[in-house]
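Protein chains: 2
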Amino acid sequence: MKDFVYYAPTEVVFGKESEEQVADLVKKYGGHKVLVHFGGQSAKKSGLLDKVCNLLKQGGVDVVLLGGVVPNPRLSKVQEGIDLCRKEGVDFILAVGGGSVIDSAKAIACGVPYSGNVWDFYLGKADPECYLPVACVLTIPAAGSEMSDASVITNEDGDVKLGYSNAMSRPKFAIMNPVRTFTLPPYQTAAGVTDMMMHTMERYFTHDDDMDLTDALAEAVLRSMKENVFKVLADPCDYRARAQIMWGGSVAHNDLTGCGLSSDWATHELEHELSGMFDATHGAGLAAIWPSWARYVYKENVSRFVRFAVNVMDVPNDFTDPEGTALKGIEAMERFYHAIGMPVNIHELIGKDITDAEIKEMVRKCSRGGEATQGSFKVLYPEDMEAIYKMAR
Amino acid sequence: MKDFVYYAPTEVVFGKESEEQVADLVKKYGGHKVLVHFGGQSAKKSGLLDKVCNLLKQGGVDVVLLGGVVPNPRLSKVQEGIDLCRKEGVDFILAVGGGSVIDSAKAIACGVPYSGNVWDFYLGKADPECYLPVACVLTIPAAGSEMSDASVITNEDGDVKLGYSNAMSRPKFAIMNPVRTFTLPPYQTAAGVTDMMMHTMERYFTHDDDMDLTDALAEAVLRSMKENVFKVLADPCDYRARAQIMWGGSVAHNDLTGCGLSSDWATHELEHELSGMFDATHGAGLAAIWPSWARYVYKENVSRFVRFAVNVMDVPNDFTDPEGTALKGIEAMERFYHAIGMPVNIHELIGKDITDAEIKEMVRKCSRGGEATQGSFKVLYPEDMEAIYKMAR
Numbered sequence: 013m014k015d016f017v018y019y020a021p022t023e024v025v026f027g028k029e030s031e032e033q034v035a036d037l038v039k040k041y042g043g044h045k046v047l048v049h050f051g052g053q054s055a056k057k058s059g060l061l062d063k064v065c066n067l068l069k070q071g072g073v074d075v076v077l078l079g080g081v082v083p084n085p086r087l088s089k090v091q092e093g094i095d096l097c098r099k100e101g102v103d104f105i106l107a108v109g110g111g112s113v114i115d116s117a118k119a120i121a122c123g124v125p126y127s128g129n130v131w132d133f134y135l136g137k138a139d140p141e142c143y144l145p146v147a148c149v150l151t152i153p154a155a156g157s158e159m160s161d162a163s164v165i166t167n168e169d170g171d172v173k174l175g176y177s178n179a180m181s182r183p184k185f186a187i188m189n190p191v192r193t194f195t196l197p198p199y200q201t202a203a204g205v206t207d208m209m210m211h212t213m214e215r216y217f218t219h220d221d222d223m224d225l226t227d228a229l230a231e232a233v234l235r236s237m238k239e240n241v242f243k244v245l246a247d248p249c250d251y252r253a254r255a256q257i258m259w260g261g262s263v264a265h266n267d268l269t270g271c272g273l274s275s276d277w278a279t280h281e282l283e284h285e286l287s288g289m290f291d292a293t294h295g296a297g298l299a300a301i302w303p304s305w306a307r308y309v310y311k312e313n314v315s316r317f318v319r320f321a322v323n324v325m326d327v328p329n330d331f332t333d334p335e336g337t338a339l340k341g342i343e344a345m346e347r348f349y350h351a352i353g354m355p356v357n358i359h360e361l362i363g364k365d366i367t368d369a370e371i372k373e374m375v376r377k378c379s380r381g382g383e384a385t386q387g388s389f390k391v392l393y394p395e396d397m398e399a400i401y402k403m404a405r
Numbered sequence: 013m014k015d016f017v018y019y020a021p022t023e024v025v026f027g028k029e030s031e032e033q034v035a036d037l038v039k040k041y042g043g044h045k046v047l048v049h050f051g052g053q054s055a056k057k058s059g060l061l062d063k064v065c066n067l068l069k070q071g072g073v074d075v076v077l078l079g080g081v082v083p084n085p086r087l088s089k090v091q092e093g094i095d096l097c098r099k100e101g102v103d104f105i106l107a108v109g110g111g112s113v114i115d116s117a118k119a120i121a122c123g124v125p126y127s128g129n130v131w132d133f134y135l136g137k138a139d140p141e142c143y144l145p146v147a148c149v150l151t152i153p154a155a156g157s158e159m160s161d162a163s164v165i166t167n168e169d170g171d172v173k174l175g176y177s178n179a180m181s182r183p184k185f186a187i188m189n190p191v192r193t194f195t196l197p198p199y200q201t202a203a204g205v206t207d208m209m210m211h212t213m214e215r216y217f218t219h220d221d222d223m224d225l226t227d228a229l230a231e232a233v234l235r236s237m238k239e240n241v242f243k244v245l246a247d248p249c250d251y252r253a254r255a256q257i258m259w260g261g262s263v264a265h266n267d268l269t270g271c272g273l274s275s276d277w278a279t280h281e282l283e284h285e286l287s288g289m290f291d292a293t294h295g296a297g298l299a300a301i302w303p304s305w306a307r308y309v310y311k312e313n314v315s316r317f318v319r320f321a322v323n324v325m326d327v328p329n330d331f332t333d334p335e336g337t338a339l340k341g342i343e344a345m346e347r348f349y350h351a352i353g354m355p356v357n358i359h360e361l362i363g364k365d366i367t368d369a370e371i372k373e374m375v376r377k378c379s380r381g382g383e384a385t386q387g388s389f390k391v392l393y394p395e396d397m398e399a400i401y402k403m404a405r
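As you go down the protein sequences, you meet chains A and B in turn.
Numbering of the first sequence is given in my numbering, commencing with residue 13 and proceeding in unit increments.
Numbering of the second sequence is given in my numbering, commencing with residue 13 and proceeding in unit increments.
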C-alpha cells in the first residue's frame, strides 16, 4: 500500500428539504454576490433554478445568472463566466446541475483571479494561487464533481478535452436532494451509474498495491450501485434507491475508495477522446471502452480481476482457473452494461463504424501527440491505445 | 432513511514519513505559536515529541509544551491548558497522542476564547462561538477523535464524564504514521479496535432506518477491523495490518458509517459511567457492556441483528429462526472479544464484583439524575440501564 492524503472537506447536505439551506450555506462560506451557473432548460422547467435564486435573494445574497453549460463543457463558456464574474464583482460560484456545470464552475473559479488564460491550468503550464469558492446544488449524480478536486473541460479549438485537479477546487458545500433526480431519463441514469462505478474501478484496479479496507469499501460502493440502478430503472421515483445512487456517486469519487492505492484512469483518458470527438455521453463512452481495456490488461494482475469477478460481479470462483474467472468477471460486467442499456463497444455507442483515421486521431490526442503514456495497471503507449480502440470498435 | 449532513474536513496525511510535514501543515492552517499537547512518557521515549517540536521550530513555529493528559482526560488539565494558552498567546493546538490527548486539546480549543467555564459546553448550557484550530499527530488508533467532532472529558468534581460535539472541533489535519503504533501493547491494541468497531456499531444498530450503501460501508469497516486485529496481535510490526486499523479507526467515526441512519450511543453512555467510576480502559468497558445491551434490546429489530450476525460475524443464517441467528451473532461477538483479550462483563473488566450501590450510582449519572434517557434502538429509561448493568455485572 502507498502513503496517501485524504482530504474531502465538502459539507454534504443531503435530503428532501436540503435546498432550503442554500442561502445560509452560501453566507457561511463567505458568499455575498453569487454566480448561479446552470445548464439547459431542465433546471428552469423543474422550478429548481427559480427556487434557488429566490432563496438566495431572500437571504440577502445578490445573484448573477449564467446558463447554457452543455455536456462536455466548453472553454468558451468558462471564459464567458470569467468575464461576467469580473464585470459583476462576483465572490462565489454556485453550480446548479450535474458534473458538467460543476466542472465549468470550477474552471471559472480558478480563472477569475488569474491574469493568464485559464486553459494554462488544464495544459499543466501553471497552477492557480487561489480560487473563488465553489459550491453546488446537485441534480445529476454521475461525475462525482460535487466532492472531487477535478474538472474536465473541452477546448473547442481542436476538440481537446483535458482534466485538471486541485484541492482548492473541492466544493465548499453540496446540496443533494434525491427527489431532483426522479426525472432523469433511463439512459442518463444508467450512464451516470456507469461513470460513478468507473471512478471507483479506476482506483480499484491497481497493479501491485492493495489495502483491504479500501478494497472492501470500494466493493461496497460498487455492489450498492449495481443493485440500486435496477431499482431506479424499474421505478424512477424510488427515493431510497435514488438516494443510494446519489450518495454513492460522491463516495465513489471523493478519494475514499482509492486510499493507499495507485489509480489507473486509462479508461477515462481513452474515453475523453471518444466523447470529445463524437460528443457522446461520458458514462456510455466508458462502458464502450472498459471491456476492451480490461481484456487487454488483465494479465498484468489476474488476481485483482478474480477479486472483482467474485466480490463485485458474483461470479463463482473457479480456483483451478483464475484467468477463466477473471474473464467471466469482464463478461458479467458486459452483461450488466447491456442490462442497463449501456453499450459495450464504440459501434454501439455512436451507431456507426469508427474509421482507422478517427482511431489514429484519438490516439494522437490521448498520447498528447505521441508524447504521453496513460494508466498504471498497465502503462499504455500509443500502440496500446490503438490496440484497445480497435478491440472496442 | 433520514436526511443527513456529512462533513469531515480533516486533511489526513497518512504514511511512513507523514510527520515530516507537520510544520508546513501547521502554517497552512494558520498556526504561529502552538500548544503541543501530549500524555505521558511514551511520546517522549519514542522520540516523537522531540521530533515534532524540532520540526516545528525549524519551520519557524513557536512551541509551548503541555503534557500529562491521562486516559479519561480530566477537566483540571483542560483548565491548565486554557490558562497556559491565554498566558502564552497560543493560536493553534497540536495534540500528539491518542483520543484522550485529542479530546483534551478540543476542550482547550473552545475554552480559550470563552469567558465562562468550559464545562458549560459539556453540560449543554452553552455553545462556543469559535475554536482555536486543533490538529493532531495520532499515535493510538481507537477513539476516532482525529476526524470526529466529539470530545469526552471527565470532571473530577463528582467523577462525571460527559461528551460534547461541535463541527468546529474537527481537527484541521491528522498525521497518521502506522509505524508509531507498533509499540502499542496487545491490551491497548485490542481495546482500541473494540472502540473503533463500536463507533460504527452505535450507528449500525438502528431501530427502523436503513441505507444499504451505509450499511455495506459499515460492514466493510467492521470486517476489516475484525480480521486485522488478529494480524497485529500476532505480529505487532505488521505495517499493512496496523495501517488498516489506523485508517479504519478514522473511517469508523468520521460519520461515513452513519449517513442516513439514527445512531444509538447507549453502549457508550453506559460505558462512560463504568470507566468514569473505575478508571477502566474505555474500549474494554464497551466490550463488557455491549453483549448485555445487545441481548436486552435485540427484539426491537431482530432483522438488524440477523444482518450483523451474517454479514459481519459470519454466522450461518438459519432462515427458520431469525432470533436464534441474532443471538448467535451476539455470542460470536463475545467469542471475538475473548479471542482478542477483551472482557465480556463487568467482573472481567474490573476484576471484582460490582455492588448494587455502585450500579445505582452509575444509573443515576447515566440518566443525569433520573432525568435523561439513552439510546434510540431501544430508548433506555433508568430501569433499563439498571437491568443492563445487572445483566453485565
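Keep in mind that the hints are not guaranteed to be accurate.
Listed below are several chain A residues computed to face chain B (Cβ distance under 10 Å; list not exhaustive) [said to hold, decoys possible]:
| # | residue |
| --- | --- |
| 1 | Met223 |
| 2 | Gly260 |
| 3 | Met289 |
| 4 | Phe290 |
List time: in silico EDC-like cross-link candidates among lysine to aspartate or glutamate, alpha-carbon distance up to 20 Å [to be verified]:
| # | chain 1 | residue 1 | chain 2 | residue 2 |
| --- | --- | --- | --- | --- |
| 5 | B | Lys14 | A | Asp250 |
| 6 | B | Lys340 | B | Asp250 |
| 7 | B | Lys40 | A | Asp161 |
| 8 | A | Lys364 | A | Glu398 |
| 9 | B | Lys28 | A | Glu383 |
| 10 | A | Lys14 | B | Glu370 |
| 11 | A | Lys243 | B | Asp221 |
| 12 | B | Lys311 | B | Asp250 |
| 13 | A | Lys28 | B | Glu370 |
| 14 | B | Lys28 | A | Glu29 |
| 15 | A | Lys57 | A | Asp15 |
| 16 | A | Lys238 | B | Glu141 |
| 17 | A | Lys39 | B | Glu141 |
| 18 | A | Lys238 | A | Asp220 |
| 19 | B | Lys14 | B | Asp250 |
| 20 | B | Lys243 | A | Asp222 |
| 21 | B | Lys40 | A | Asp139 |
| 22 | B | Lys14 | A | Asp220 |
| 23 | A | Lys45 | A | Glu32 |
| 24 | A | Lys69 | A | Glu32 |
| 25 | B | Lys238 | A | Glu32 |
| 26 | A | Lys137 | A | Asp161 |
| 27 | B | Lys14 | B | Glu141 |
| 28 | B | Lys340 | B | Glu370 |
| 29 | B | Lys238 | A | Glu231 |
| 30 | A | Lys28 | B | Asp221 |
| 31 | B | Lys238 | B | Asp221 |
| 32 | A | Lys137 | A | Glu398 |
| 33 | B | Lys238 | B | Glu346 |
| 34 | A | Lys14 | B | Glu141 |
| 35 | B | Lys402 | B | Glu370 |
Computed footprint of chain B on chain A; a stretch qualifies when at least three of its residues, placed anywhere within it, have a C-beta under 8 Å from a C-beta of chain B [claimed, not checked]:
| # | segment |
| --- | --- |
| 36 | 228-237 |
| 37 | 242-256 |
| 38 | 267-277 |
Just so you know, the hints here were simulated from the structure itself, not pulled from any lab data.
C-beta atoms are modelled at their ideal positions from N, C-alpha and C, and glycine is treated no differently.
Handout entry: Agreement of Lys39(A) and Glu141(B) with the hint, judged by alpha carbon distance not exceeding 20 Å
Key = OK: Lys39(A) and Glu141(B) at ~16 Å, within 20 Å.
Problem - Given pair status - Glu370(B), Lys14(A), alpha carbons within 20 Å - result: violated, 49 Å
Problem - Satisfaction of hint between Asp221(B) and Lys28(A), Cα-Cα up to 20 Å - result: It holds: about 16 Å lies between the C-alpha atoms, which stays within 20 Å.
Problem - Restraint check for Lys137(A) with Glu398(A), where alpha carbons must lie at most 20 Å apart - result: Distance of about 27 Å is beyond 20 Å: violated.
Problem - Satisfaction of hint between Asp250(B) and Lys340(B), Cα-Cα up to 20 Å - result: violated, 31 Å
Practice task
So, Met289(A) near chain B? Judge it on the closest CB pair being under 10 Å.
Solution key: Result: violated, 35 Å to nearest chain B Cβ.
Problem - Hinted pair Lys14(B) and Asp220(A), Cα distance within 20 Å - result: violated, 39 Å
Handout entry: Straight-line alpha-carbon gap Lys28(A) to Glu370(B), limit 20 Å
Key = violated, 46 Å
Practice task
Starting from Lys402(B), check that the Cα of Glu370(B) is at most 20 Å away, please.
Solution key: OK: Lys402(B) and Glu370(B) at ~11 Å, within 20 Å.
Exercise for the section: Compare the distance between the alpha carbons of Lys69(A) and Glu32(A) with 20 Å, and conclude whether the hinted pair is satisfied. Expected result: Given that 20 Å is the threshold and the Cα spacing comes to 12 Å, the pair holds.
Exercise for the section: Verify the proposed pairing of Lys238(B) with Glu346(B), using a straight-line Cα cut of 20 Å. Expected result: holds, 13 Å
Practice task
Sort out whether Asp250(A) lies within 20 Å of Lys14(B), counting only the CA atoms.
Solution key: holds, 15 Å
Hint compliance for this structure: hints 3, 4, 6, 9, 10, 12, 13, 14, 15, 16, 18, 19, 22, 25, 27, 28, 31, 32 and 34 are broken, all remaining hints hold.
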